[in-house]
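Take the sequences, apply the hints, and build the full model.
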Amino acid sequence: MDIRRAKQIISSPDDITVHYHGQSVWIDSCDEQGNLCTVHMRGNEHEKSSVAVTELEEM
Numbered sequence: 008m009d010i011r012r013a014k015q016i017i018s019s020p021d022d023i024t025v026h027y028h029g030q031s032v033w034i035d036s037c038d039e040q041g042n043l044c045t046v047h048m049r050g051n052e053h054e055k056s057s058v059a060v061t062e063l064e065e066m
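Numbering (the working numbering), first residue to last: 8 to 66.
It is worth saying that the hints were derived from the structure and are not from the lab.
Be aware that one or more of the hints could be misleading.
Each computed SDA-like pair below joins lysine to any residue, with the alpha-carbon atoms no more than 25 Å apart [what the hints assert, rightly or not]: (1) Lys55 with Arg12; (2) Lys55 with Ser36; (3) Lys14 with Asp35; (4) Lys14 with Val58; (5) Lys55 with Ser19; (6) Lys14 with Thr24; (7) Lys55 with Asp22; (8) Lys55 with Ile10; (9) Lys14 with Gln40; (10) Lys14 with Asn51; (11) Lys55 with Gly29.
Here's what the structure looks like:
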C-alpha cells in the first residue's frame, strides 16, 4: 500500500479491510515523512504499533 491510499482509508466512512502480516488492523494515523502508519489490531485498540505503510495490504 502507499501513503496516499492509507490516508484515503482513514478518511473513508466505509469499513475497508486492511491486513498487516495476515492480521486484520485499523489504520489510526499516517506519518508521510517516515512513510509509516500507526495501526491497531481489530478488537484490541490499546496495542498500537508503528509499521511501514508498504507492509499494509488492502483486502
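Taking the hints in turn, this is what the structure says about them:
no.	hint	verdict
1	Lys55 with Arg12	20 Å, holds
2	Lys55 with Ser36	11 Å, holds
3	Lys14 with Asp35	9 Å, holds
4	Lys14 with Val58	14 Å, holds
5	Lys55 with Ser19	20 Å, holds
6	Lys14 with Thr24	14 Å, holds
7	Lys55 with Asp22	19 Å, holds
8	Lys55 with Ile10	18 Å, holds
9	Lys14 with Gln40	13 Å, holds
10	Lys14 with Asn51	21 Å, holds
11	Lys55 with Gly29	16 Å, holds
Hint compliance for this structure: no hint is broken.
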